[in-house]
Amino acid sequence: MTVAFRPRPSVVRRDSGLYAYERALARRGLTPIAGVDEAGRGACAGPLVVAAVVLRRPVDGLGDSKLLSPAVRERLYEQIVARSYVGVVMIPPEEIDAKGLHRCNVSGMRRAVAQLACDPEYILIDGFPVPGLPAPSLAVWKGDQVAACVAAASIVAKVTRDRLMVDLDTSFPQYGFADHKGYVTPGHRLALDTHGPCPHHRYSFVTVARRMGENEMGAGVA
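Letter by letter, the sequence shown follows residues 204 to 425 in the numbering used here.
Everything labelled a hint here was simulated from the structure, so no lab data went into it.
All C-beta atoms in this analysis are idealised placements derived from N, C-alpha and C, irrespective of residue type, glycine included.
Watch out, some of these pointers could steer you wrong.
[Claimed, not checked] Below, simulated DSSO-like cross-link-like pairs (lysine-lysine); rule was C-alpha separation at most 30 Å, straight line:
no.	residue 1	residue 2
1	269	345
2	302	345
3	269	302
[To be verified] What follows is a list of derived Cβ distance ranges for each label pair:
no.	residue 1	residue 2	range
4	399	303	18 to 26 Å
5	269	370	14 to 22 Å
6	285	393	38 to 46 Å
Build the full structure now, drawing on both the sequences and the hints.
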């Protein structure tokens, strides 16, 4: 009788450095590895941007995009794009309103991975599981702080979205999109009270729906 032995699972310590997940998976022959993350989930205006990144070469200084300065994010963004396969999906507010935030997030992650110019052998996702991906995957808690490819995806998604919001500010300067990037701040609430929402707001989000005199709707949390 033949007995099948499963390989011992790899143990990855969260303090083993940002490339520990990639090294552990590579030891199992699972390369290339894609990281997936999003930006704009909690905003009440602007698109949801999802990025998938396969690092072809290491990038020094990676980290959670929210903890980096704008100048550092911009510098790292250029290095990531030059050294990686990248897929980016932008989901507009009207699609978020129609389908719901989480559904759009999951769909965006699948679509971003599908855009990659290579087929990943494994996928690391920030935060929550995503069914229907083309390779085995793992949801990593605070993945943008512990996995290099997820951190890279976080930076690509945030820089892409921030640039869009700055551009949007030129057409709708009364909302201050260049400053708060569509997130809920006292200044953004005041602008909504004064001017009402614009076409780039997410009407299903409570903060916006209240300014329209509509019933609160459950697709958003802002």
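Hint-by-hint comparison with the structure:
As the CA atoms of residue 269 and residue 345 are separated by approximately 12 Å, the hinted pair is consistent with the 30 Å bound. Distance restraint check for residue 302 and residue 345: the Cα-Cα separation of roughly 26 Å lies within the 30 Å cut-off, and the hinted pair is therefore satisfied. Of the pairs offered as hints, the one joining residue 269 and residue 302 holds, with about 27 Å between alpha carbons and a cut-off of 30 Å not exceeded. Here the CB-CB span from residue 399 to residue 303 is close to 23 Å, well matched to the stated 18 to 26 Å.
At about 21 Å, the CB distance of residue 269 to residue 370 agrees with the hint of 14 to 22 Å. The hint said 38 to 46 Å for the Cβ distance between residue 285 and residue 393, and at roughly 41 Å that hint holds.
In this structure, every one of the numbered hints holds.
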